[in-house]
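Residue numbers (the numbering used here), protein chains in the order written: chain V, 862 to 1259; chain S, 33 to 504.
Hint data in this document are derived by calculation from the structure and do not stem from the laboratory. Source: prediction; values computed, not measured.
Rough simulated footprint, nothing fancy, chain V against chain S, three-plus residues with beta-carbon under 8 Å:
1. 255 to 261
2. 264 to 270
3. 373 to 380
Just so it is clear, CB atoms sit at the ideal spot from N, CA and C, and this is done for glycine as well.
The residues making up each chain are set out below.
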Amino acid sequence: MPAGLLNGIRVLDLGSGISAPWCAKILADYGADVIKVEPPGAGDCARRMGPFAGDDPHPEKSLGFLYLNTNKRGVTLDPSSPTGRKLLERLVAEADVLVENHPPARSQELGLNYQSLAEVNPKLVVTSVTPFGQTGPYRDYQATDIVTYALSGLMYHSGDSDKEPLRNVLDQSFYVAGANAAAATQVALFARLYSGEGQQVDVSAAECLGAHMVQPLPYYNYMGAVKGRRPVRGAGFEELMPARDGYVAPSVQGSRPWSTVAALIGGEELQDEKFATGAGRVAHGEELKQLLIKGLAEWDRMPLFLASGEQRLVFGMAQDAGDLANCPHLESRGFFVEVDHPVAGRARYPGMAVRLPGETITATRPAPLLGQHNADVYGQELGYSAADLATLRQHAII
Amino acid sequence: MSAAPLKNIRVMDLSRVFAMPFAGANLADLGAEVIKIDTCQAQFMDTTRTITGPFPDNRTGELWWEQGGTFQNLNRGKRSLTLDLRSEQSQAIIKDLVRLCDVVLENFTPRVMARFGLDYESLRAHKPDLIMVSNTGYGHSGPWSNFGAMASALEPTHGTGAFMGYMEEGPDGRLIEGQVPNKMGNSYSDFMATWTALGGLMAALLRRARTGQGQWIDLAMYQTGTTVIGQGLLDFAFNGSGTGSGTGKGTGRRTQRIGNRHPVWSPHGVYPCQGKDQWVAIAARDQDDWRALCLAMGQPELAADPRFNDPMDRRRHQEELDAVIAAWTAQRTSYGVTACLQDAGVPAGAVLNAKQALTDPQYVSRGFFETVHNPPEVELRPKGYVGRGWKFSGSQAQVRGPAPQLGEGNEYVLGELLGVDQGRIDAFASDWTIGNTPEGGRAPAQVPLDEQVEIGSIAEYDADYLDHLPSI
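Chain S with its partners taken away, still in its complex shape:
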């Protein structure tokens, strides 16, 4: 049996919400011991414990702070130590513990970390080769460094919306480039930070192994998000009024909002299918794809239609062409169109929702969703959780277990790792520094699913969803 690649690595995870907790979860999957620094003070608790949900059957149980589905996905396989970072004794514990850790993950604003005395320079005094990722909206330097951030407001700020938007009706009634930015959604900026953090800290671990040197990684989600639209920034630099010398022939492009169309290929888009809100994506990269598409649709005459001769013609008549394709797809299921076009060698794929993804043959065949069993008192059925986009032929990576219950690792970390005597541990417990239940706070009220449909926070729901889940 192959080994877990990070089995000798210990991580202190001071982070909250999505981006860094998920980086920590991936490190746990790789075998690292990840200690989540939790707190009993409900108002300072990770909001994925207290607010985000979703809760089983939309109801909070006795141990509601252990039950959030997003929390479970983001914190699987970790240990939990509760502390109260405002207190000096807790800060002292952090400094003792950091000596035994290789990596620290955190996402407080610079102001907060300095106030706690837990900034990189302070921690490095206790662990000279420390590797630490500080993830913030705007980074630890620059005029915006103390601004807070969250993905849904950050995403347009780092520019993805300049390259994403529906087309609009132009003066002659035909569609033209849109003016309104749109969003990837789903906390896209957070996940880019997750992957960037993993890459950066692995690079730092590799160097530490070689030279013994630590590294502070100042990760700004704003900056990270800007790198994935680099091509667009160069288009401005070379072809706009930017600083690039270029040839000056460009037109100053700052945005490109062309719906699901492609700048060169045609047809390219998503088309409606049978069923409620079902769609299929189709892309014809060249003339071969185009002819194969016409044949697969049973309309070989389309390939000879002068309006659709070459990609330029098809782009010019894309609305007519899209109507023809949509008429064909609307009679079929999204999976049916996918199979039919893939058989013909044409790129096509159903736009899956999470329900469909859970039973999708590709995901199932690769075991992407990994089953986690929680202890009975948490009142969560065994369920699938998201895996990773990479498989190793020679190393082990897997979800190690459920998210830790609040303070589950208190005895282990304080007693076993740090050798704190029982009297002091008891004193910590008596003033709520450590514990297994929240101090204050209450279970968040859940909006009934019918109402959630009404206000648009969900599209629909299945009361009999258990029958649609893959068997475990």
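Next up, chain V with everything else stripped away, as it sits in the complex:
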């Protein structure tokens, strides 16, 4: 659904997996012309990452890949061969941004380091997204999402205090890193308006998460306290509690008094004054928890959520993928976009993270098939003949 904010900006996405492709997708959604550059043959490793459409492990049916690469065109290129390098340099000469997420040593080998690319195009912004950044003792560490989350200092706080720290299975480190990379890349483009020069943007996924420590960090360096995971003992609020058809997150936050909260959930005993203050709710935590469980057992999630919103309370409810896919609120905001992919088929995808009132949004382009736009980009734009392209293909350069 590209908007027009980044019209005229060309981005080369040499990323694979999640972090750099998510960065490039955000830029594409804002209207940048993004060309995804994949290794010939296997393509982006996300193509082999499950789940797949129809549970069919096919390189054009990876749902992660399909989601992370909408609004991009796709070409194939092996930058390690001399001819491939020449092609890459032709692309780089016309680009504003190159975003990649190879391990630092590998990106050096592939010639994707800033110094060598800047020789070709000094106005280029090169964004490298890695687990730990381009410097420091962990720069060459082997890392996956769970390892990055662990070493960031954030994982320690996720989950229950009587169990091990817990991660989200959808690789959140790399989404956080990608969102940061999209912002930082644009900062570098903005700086270029004044300096006329590109630069390197070194994004560390662990540090992007580390920046979230605005509470745990001062807890330690202000008063020596180690914040842990949430306690199992029910202090009563902002925790997930069972309702009739799933879990809800009641809360006393907002401007309303305790009596409103108690009246909504129901039950005489909840109205007791001893629960009216934070300290009282902690002191009588276990009793409160039992009363809440009793009261909430009469509620389904959605009616409770709607009633709390109407009474200016701030309750949450645990929703799953099906709930969200059918959410009337997201629907009314025009969040979902219809995407028709030639191999995987048609489906409703999540759209942009923000709504841009007044902005004309065009149709969403499906994720590219492997090498789908080789002829467009190398032929029509760079002027290679059909015979040239055939030769490049034979040598597995594209």
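Assemble chain S onto chain V, guided by the hints.
Leaving out everything else, chain S in the frame of chain V:
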């Protein structure tokens, strides 16, 4: 010396609490002049000033509203102008000031902004190319748009808990997918909004430079949070009973709560280490990682064990395998396991807490925590504050200074920028529109740390924590 990329940008920061104030702090790090619109009326003050803490040594000082550690992290490098947004004269000041600003950040509910006459359309009348981020729980359109929100209740609502949860014991005693959602915690939804706001407003600034056009960004944390689980939504659309045509062979997946296991790789998890609540994360992506792990643990025979042949076998016998690995890690420190396995090329990382992060070699080597000196009257020792996850080779980004004291910029903004005459400034001061101390309110009572341990709001504390901090 390289330039600060946003040095010509002025930001009016009307926002409160976490998400947008942190976006403003990042803009200040990038060189923007960020004017925080504060208020003297204690009940309307940013709650990070009045409630959140933590306070130095768990005690509030004379200037308690300047001392909160979270407030300091989220508002570093800004100016502060106090106003009373309920009054027409304050609203007029906002409209005068907006002419001199490039960006407005706010997170009031739509109802409140309209009541103050400070919605985008009204402000745009004074600044036609204004870029404004309005961050709310559910956005400015749609049936839930007037619902309030906060991250800890919002996070399950936008679905992260569908993909996060401990496994449960199944009928045959083995672990199966869990039913109970869990949370990333730590206000995860807020930070996703922070990064999304920065990306959106940079895109808008780039377009404004090209076309002169402004932009209103209607950021709904609920919607933003949904985008980071897009893969899960597509799994439902293609393989569930969603609207996707797919091939219809799927099983209707709506959740995936498999603890720290991985859908494909094995072993994958966190394992206990020496010390209290110490853990290490280990992930074997393929057979090479698996064999290297066995060798590094000094148990090469494991690689030949038929129960652990390939990832499918290992997933089938993961509980037995996890017990073997845990027995090995439990004899070692989390950093020791990390170094040993990384030497062998196996992904592994200590689960650091904030205390460990402060002295972690990687963070220290990259200078991630940046030192801020507060003026002596604020009674805060120089300390490290969170930096950013990005470094520029050619632009300057750094924490510029402490969070502003209440009304610190009143003279500057009203006098210097807006040319308000001294008589009117004095009148503002006399009715508490401007000031440097709260009107009403009092220092929040702090729960003793022993009690905080007792009720579980902290895990533990070090009375001698100063000895454990990196030297400044």
